[in-house]
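Participant: My request is simple: use the sequences and hints to build the entire structure.
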Amino acid sequence: MRKIFELSPQNLEKLSALRKQYPEQKAIVLPLLWMVQNQLSYLSEEGMQFIATELDVPYMHVYSVASFYTMFIFEQPKKHLIEVCRTLSCALNGADDVKAYFDDKCDDDVEVIEVECLGACGGAPMCAVDGKYKESLDDAKLEAILKELKC
Amino acid sequence: MLVKIVSKKFDIPNAHTIDVALEHGAYSALEDSLVKEPKELRDIIIESNLRGKGGGGAAAGNKWNLAANQPTESGTRYLIVNADESEPGTFKDRQILAKDPHLLIEGIILTCHAIGAKSSYIYVRGEYEEFITILEGAVDEAYAKGFLGNSKYGNIDVVVHRGAGAYICGEKSALIESLEGNRGHPRLKPHQPESEFYFGEPALVNNVETIASVPFILENGADAYKAHGTEKSPGTLLFAMSGHINNPGVYECSFGHSMLDFIEQTGGGIKNGKKLKAVIPGGASTPIIPAHLIKDVMMDYESLRSFDSALGTGGMIIMDEDTDMVKALKNLLHFYHHESCGQCTPCREGTSWADRVMQKFVDKRATYEDLEILRSVSRTMNGKTICVFAPACSDVIDGFLRHFEDEFIACIQEEAC
Amino acid sequence: MVNISVDNQKIEVEENALLIKVLQDNDVEISHFCYHEALGVDGNCRMCMVEIEGAKRPQIACNTLCKEGLKVHTKSPNILKVKQEILELELINHPVDCPVCDQAGECSLQNYYMDFGLYGSRHSVEKTKKAKHVDLGSNVMLDQERCVLCARCTRFTQNISKSNELFIIGRGDQARVSSAPNKPLNNPYAMNVIDLCPVGALTSKDFRFQQRVWFLDSVESICHGCSKGCNITIDHNTTKFDNDRIHRYRPRRNMAINSYFMCDEGRLSFHKENKKSRHFPFNASTLRTLMCTDESKKVMLANASLSVENLSILKLFCDKYSIELFSLPIVDETFGDDWLRNSVRSANASALEFLEISSSYEAFLKAAQTSKLLININHPLLFENIESHAKIMHFTTHDFEDMGDMRNIVSFASYSHENGTLINSDNIIQKFSKSLHNIHSENTLHHIFTQIDNTLYKTQETLWSGYISKQLGLGFSDIQKMGTKLKGVNNA
Ligand SMILES: Cc1cc2nc3c(=O)[nH]c(=O)nc-3n(C[C@H](O)[C@H](O)[C@H](O)COP(=O)(O)O)c2cc1C
Ligand code: SF4
Ligand code: SF4
Ligand code: SF4
Ligand code: FES
Ligand code: FES
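Protein chains in written order, with the working numbering: chain A, 346 to 496; chain B, 1325 to 1741; chain C, 36 to 527.
Calculated from the structure, these hints are not laboratory results.
In this text the structure is predicted, and so the values were computed from the model without any measurement.
A couple of the hints might just be wrong.
Stated by the list, open to error - Straight-line Cα separation of at most 25 Å, DSS-like style, residue types lysine-lysine; simulated pairs:
hint, chain 1, residue 1, chain 2, residue 2
1, C, K56, B, K1513
2, C, K162, B, K1651
3, A, K444, A, K477
4, B, K1595, A, K479
5, C, K505, C, K520
6, C, K332, C, K401
7, B, K1619, A, K486
8, C, K401, B, K1688
9, C, K91, B, K1513
10, C, K218, A, K371
11, B, K1423, A, K477
12, A, K444, B, K1684
13, A, K477, A, K359
14, B, K1513, C, K106
15, C, K167, C, K218
16, A, K359, B, K1469
17, A, K486, B, K1469
18, C, K102, B, K1513
19, B, K1684, C, K91
20, A, K365, B, K1442
21, A, K371, B, K1442
22, A, K359, A, K371
23, C, K116, B, K1513
24, C, K466, C, K516
25, C, K164, B, K1688
26, A, K359, B, K1651
27, A, K371, B, K1513
28, A, K444, B, K1688
29, A, K365, B, K1469
30, B, K1651, A, K444
31, A, K444, B, K1595
32, C, K102, C, K45
33, C, K197, A, K371
34, A, K479, B, K1423
35, B, K1684, C, K162
36, C, K106, C, K45
37, A, K365, B, K1476
38, B, K1684, C, K165
39, C, K466, C, K407
Facilitator: Right under this line is the structure:
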């Protein structure tokens, strides 16, 4: 038997609030994708099927939409995620070194990826650790991040 | 040079909370403006010459009129606030979201009144999770204090909508597609001037900063706004500096000042005492300008046009003398390659081809033919696509080749590169 | 109406008509991938660029509306250059495996490549890798590398079949067509995406690698799968050591009937058409003795998919020799839907009324019980489950189970071997043409029955002028290319 996805009670409540906020139900595909991803830490087939059923849209619509956006993931992620900005302002300020540093020091619990400009160019070089922005990175800050992640 | 209109409360601790914000004058434009006829408000905006601050610089008043006058059977209209802010080099809107969200909400209430909208969506890029939390907190407070929802301020609803990682969703029609629950594909151009449409109803899309400028204008009048800046570029912009600059950051500045002065005085000059090589003046999509021209550049729409570039978002990326222009262009083309929505052929294939050709330059495998290919791909991407993403990419390539062709040729000849 | 000019030719068109449609209707060649009349405008391929006087940039014809004075150039050097460059981009990630591609010969990409003279690829970097052999289900194979992402197939499943199997996933140059895991293409019209695909990205498992299309002969015909009468093209040919065979059916545009489409069952029905029965020759004098001289009661049951001409000759024959003629249309309620497929599976059921042939099942059963001879003209009922003590004479196009000693069997040509007309469920009469020429083509029903009684109308022309035109109230030459709607039967 396939696992059936269910929303947590809090999320169920949020869902009924969401339904009232948009003129058409289809509009909440994105909020629901977020909800499922936050609950499961990734988007499972069952989770997307749940959205399709709830909103009465085809499953492939949900998947097609989800696959368009880079922040959605379809497999169980590692424990931590470090997104190193690679775009110009950060590159000019040593993004490569930041990426190399994490690649070198992080253990298998941490996924280190490059992402495009995170809108923090004034704090270049920067990265996001589990979604939290860490800007104006220097040696001390990099070390602090590692400590935080206990690598 | 520096002014505080939109950034008035940026330095006040906790101005994102409603009590502090109210202490410093938040929502003070509402009482007087909401008794005015919508048309009167629109006329003030037209009079002020307010230009959109999302990059295009379109006259805000015209767009408001289009949205207000677009026929609709149901009478429903929407205001959609563009907080997708993903243009590399741009990080101004997040200052408003995080430091003075109530200014944005006040602007939303006023704009809704002016165009006859009751619902408003703020589409924020997904990565701004922390700022979304702050913004949502502010929206909740505004509901609790009776500024939003059932209130004497016109029953305006505000919904914060989180994007999920797609630069193209900053393009207004792609944003609406995304807000309708679809992939962020830009729509085909309409056959006549008209508003945007959200689920078939008229909608206005404005940038965060545009909307945040509204309370000041409506409260103080068009002339007070036009007192800043130039005739054609009135008012202020949250200019940003990043790259090789001593004091990176966001600074509100009136239009029309010398870019070099701004870089040197406000920005504190180039890092490590180096010399300036070039500036990308208004977010990655605006063509690069070499140092020798910068001294004549004024920070307004018209001046930047005259240098074959654009003011864009006002997010300047500053490059010092050691910057490798081949690598810089490769860096940007990687961005375009990654962010193309992939809908139309010239862009989907062109951005990827250009990026791969640039890799050859970086690897010193490029030939003169590759330079020719780069040029022709750029030509094919220009003016032949659904949205202006591809033309912007094309402008970027052309800018680098116009001013720094020698570095590309040096690469081909395997000299210093 | 407004006046526009296309390549300096004046054309009068409806105001706001879609330019690309106007060009197509006026036989002005306009390259395109994504636009399709049935699917609407998507504007993604940018191949339909035209030059419009006064416009700064080239415009896509599929999103341009015709206004008074519009001046369009489709072949100016500027526009050709633009198209060439877009095509070059279209091709950079294309595998260019035309030699092994089934679409070769009918591929828009290949055609434009030739038209715009784009020889010598400038591609100098690695191509994007995608999946080359994706089995989408319903006989449809996808090669993602050949796909130009025109979104025709996805729009078909989303807006036309509404079955929603195909979507574009991913973004940018990683975008590709896909179905969901465990949810293959599964709708009665799925294979239409193969025709819609302008390139060789979607191919038919059923047709793949069978034939190069340029070796095929095409004939216009009508699907006999149900009473809808979808217009088709029959592609057939004769190869060494083999009979003339059909290789595929393709839908043919008829806006009044099937627009551009057909159902998969109809599409694949050619397999049955190829499985023609063994050849059972006839002896006219034996048949004459059997059917014309004996005084005892005789009943004939004719398949309601027979052409108007064949039903007419049977009707005249039966009337003359006092044979009770019935035709029972085959009805399958599970087949019909609210689009093309009609539950009445007999292609010519509507003709029965015009030809005054009884379709009463009860009357037939009653007659059959007392009959001494049952003459079955290809009707499945009599191949299987009718209880009767009468002698049965079979005229058949196909072998059937339990053919006994086969002494009572005569084979005749099935529909692809002769010309004819059919009246569809909307009373539209349409012509179909002979496509196959082989050993079976000689023995048409018409031929057999005029051999039995050579006073009957010998040719289809005389049959029409002497009989059919009176029954239908129109002459053969009145039938339009896309069919003609008949006025209902006059019950006076
Ligand atoms: C590729 C692309 C990306 C864009 N990104 C943004 C963005 O992140 N934020 C924004 O406000 N406008 C962006 N725009 C401009 C919007 O399409 C739109 O013009 C703007 O939101 C209108 O607001 P304004 O008139 O107040 O500037 C983008 C445009 C394009 C073509
Ligand atoms: S130009 Fe690029 S981003 Fe814009 S619609 Fe076309 S493919 Fe998408
Ligand atoms: S598979 Fe064919 S029809 Fe479908 S998008 Fe690709 S090219 Fe178009
Ligand atoms: S709907 Fe009927 S006529 Fe049309 S293709 Fe299918 S079987 Fe043939
Ligand atoms: S370039 Fe790194 S945050 Fe903008
Ligand atoms: S047919 Fe016009 S853009 Fe594809």
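Participant: Could you grab the alpha-carbon distance between A/K444 and B/K1688 and see if it respects the 25 Å cut-off?
Facilitator: Given pair A/K444, B/K1688 holds - Cα atoms ~23 Å apart, limit 25 Å.
Participant: Is C/K218 close enough to A/K371, meaning Cα to Cα at most 25 Å?
Facilitator: Holds. C/K218 to A/K371 sits at ~21 Å (cutoff 25 Å).
Participant: With a cut-off of 25 Å on the C-alpha distance, tell me whether A/K359 and A/K371 pass.
Facilitator: Given pair A/K359, A/K371 holds - Cα atoms ~16 Å apart, limit 25 Å.
Participant: Do the alpha carbons of B/K1423 and A/K477 lie within 25 Å of each other, as the hint requires?
Facilitator: holds (17 Å)
Participant: Taking only the CA atoms, is the gap from A/K479 to B/K1423 under or equal to 25 Å?
Facilitator: holds (18 Å)
Participant: Next pair to validate is A/K477 with A/K359; report whether the Cα-Cα distance is within 25 Å.
Facilitator: holds (23 Å)
Participant: Are the Cα atoms of B/K1684 and C/K91 separated by 25 Å or less?
Facilitator: With a Cα-Cα distance of about 34 Å, the restraint between B/K1684 and C/K91 is violated, given a limit of 25 Å.
Participant: If you draw a straight line from the CA of C/K102 to the CA of C/K45, is it 25 Å or shorter?
Facilitator: Given that 25 Å is the threshold and the Cα spacing comes to 13 Å, the pair holds.
Participant: Would the hint linking C/K466 and C/K407 be met if the CA-CA limit is 25 Å?
Facilitator: With Cα atoms ~36 Å apart, C/K466 and C/K407 exceed 25 Å; violated.
Participant: Need the status of pair C/K466, C/K516: alpha-carbon distance at most 25 Å?
Facilitator: holds (8 Å)
Participant: Holds or violated: are the alpha carbons of A/K359 and B/K1651 at most 25 Å from each other?
Facilitator: violated (46 Å)
Participant: Hey, B/K1684 versus C/K165, does the alpha-carbon distance stay inside 25 Å?
Facilitator: Answer holds: B/K1684 to C/K165 is near 22 Å, not above 25 Å.
Figure legend: structure checked against the earlier numbered hints; hints not met, in rising order: 7, 8, 17, 19, 26, 39.
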